[in-house]
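Student: Residue-level listing of the chains:
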Amino acid sequence: MGRKLGTHGSTMGGVGWTLYVGVLLALSGIVSLLGLTAEAAKMPLATRLGTGGAGLVIGCLLLLPGLMRLKQSVEVFERGLIWHRLFGAKTLTAADIQGLKLIHHTGRNRQYDELELQLKNGGSYSINGLKNPEQLAAYIRAWSNPLPAAAAPGGWAPPAAGGWRPPGS
Amino acid sequence: MANYPIWVLILPIAALGYTLFMRTQHKKKTQDYDQQYANFRAGELAQRLGLQLLKGDPTYNFLVTHANQSVARGATDSKAINIDIEMAGAPFGVPLTFRYLYRVERESGFNSTTYKTWFNCRMVATAKQAFPPFEVTSRNTPIGRIVREQTLPEAPTQNPAVDAEFQVTTHEPALAQLLGQLLPEFSAFASAGVHLLGDGQQVSYVMNQSTAPLVPSALYFAEVMTHALSNVAQRLGG
Chain A
181 MGRKLGTHGS TMGGVGWTLY VGVLLALSGI VSLLGLTAEA AKMPLATRLG
231 TGGAGLVIGC LLLLPGLMRL KQSVEVFERG LIWHRLFGAK TLTAADIQGL
281 KLIHHTGRNR QYDELELQLK NGGSYSINGL KNPEQLAAYI RAWSNPLPAA
331 AAPGGWAPPA AGGWRPPGS
Chain B
5 MANYPIWVLI LPIAALGYTL FMRTQHKKKT QDYDQQYANF RAGELAQRLG
55 LQLLKGDPTY NFLVTHANQS VARGATDSKA INIDIEMAGA PFGVPLTFRY
105 LYRVERESGF NSTTYKTWFN CRMVATAKQA FPPFEVTSRN TPIGRIVREQ
155 TLPEAPTQNP AVDAEFQVTT HEPALAQLLG QLLPEFSAFA SAGVHLLGDG
205 QQVSYVMNQS TAPLVPSALY FAEVMTHALS NVAQRLGG
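The listed protein sequences correspond, in order, to chains A and B.
Count along the first sequence starting at 1, add 180, and that's the number in my numbering.
Count along the second sequence starting at 1, add 4, and that's the number in my numbering.
The hints are simulated quantities; they were obtained by calculation from the structure and are not laboratory data.
Source: prediction; values computed, not measured.
Beta carbons: idealized from backbone N, C-alpha and C, even for Gly.
Heads up, incomplete: computed chain B residues facing chain A, CB under 10 Å, no partners named:
no.	residue
1	Ser116
2	Thr118
3	Tyr119
4	Thr121
5	Arg149
6	Val151
7	Arg152
8	Glu153
9	Gln154
10	Thr155
11	Pro157
12	Ser214
13	Thr215
Assemble the whole structure, with the sequences as input and the hints as a guide.
Tutor: See below:
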């Protein structure tokens with residue numbers, strides 16, 4: 181895939197509220213399950229198992245998007261990229277990608293960028309919350325718009341000594 | 005009705021009056037700025053740079069974009085913002101084109117509104133003969149890093165001052181060395197940032213709407229831009 185151009189880490193943009201609610205629910209679940217407060221200790225174990233267990237499970241599920249972002253990064257190369265995720269890495273070469281959209285999502289409680297990669301096989305991937313997504317999008321666009329090789333009248337080719345020379349030199 | 009205190013009636017009227025007053029003030033200030041920077045209206049900028057306005061609204065002000073009614077109103081579902089300006093000429097003997105495209109479409113959904121934005125602004129000088137591709141970006145700008153468009157390798161220019169200020173990328177060492185002699189003229193753009201793209205036949209100064217180099221900051225030195233770009237194109241491609 182050529183020379184490595186950089187690595188794009190992830191932000192918590194768009195999933196911050198899930199972290200907040202997830203931590204609160206998971207903690208309250210643990211407190212309830214173990215009977216750590218006087219109120220919780222008075223409740224029968226069966227009731228605590230139900231409410232505490234539900235809080236813990238839902239809280240952990242809500243923490244999952246944050247964990248996925250934490251483990252997400254994209255290594256970009258001259259002709260491809262490796263998308264590292266929580267559950268493994270995905271390699272995409274320039275030949276796999278047909279087009280892309282850079283979408284900026286703005287809402288009252290979330291704001292993040294989405295990079296939608298359209299593949300030649302008809303599929304697509306959405307990479308959310310990357311740092312510096314404009315640069316990654318520009319590199320991917322460059323794969324489909326390579327610069328033409330320079331040509332002098334009659335066909336430019338690097339001379340044996342010194343390569344290209346400015347006119348008149 | 006008579007039991008309500010008088011401020012229940014007065015406050016909404018005062019708020020409405022204040023809002024209207026502020027809107028009028030804002031509109032007046034925009035008109036004042038538009039007048040103050042009238043030399044950045046498309047028609048006057050073209051004249052100033054020795055170019056001919058081929059397409060677009062001659063009153064569109066690149067520094068005070070909100071003076072344009074369409075931009076100030078914003079895109080609606082039925083009417084997009086569409087600013088498409090083109091000017092061309094050869095003030096220094098090299099064909100020079102300035103393209104500015106700003107288009108925003110809006111689609112309102114049930115629970116979301118989608119804006120589709122197209123933006124392209126560049127001053128382009130065309131060389132007589134082809135040259136190797138290259139890209140130049142300022143290493144630092146006041147508003148962050150410049151987004152590079154190509155994946156070329158970095159090449160030293162043999163000019164330490166230029167290498168410290170700019171990142172030059174190309175496959176051709178001889179071209180990088182020549183750029184080392186030409187780029188000092190672009191030091192005037194330190195407050196805006198420089199993004200040059202040589203695609204093999206044309207040299208473009210790329211400007212952006214929200215990332216460096218911003219259109220107003222770069223166009224503030226429009227005369228320097230036209231001369232420096234023409235010079236680069238002439239030296240690279242005859």
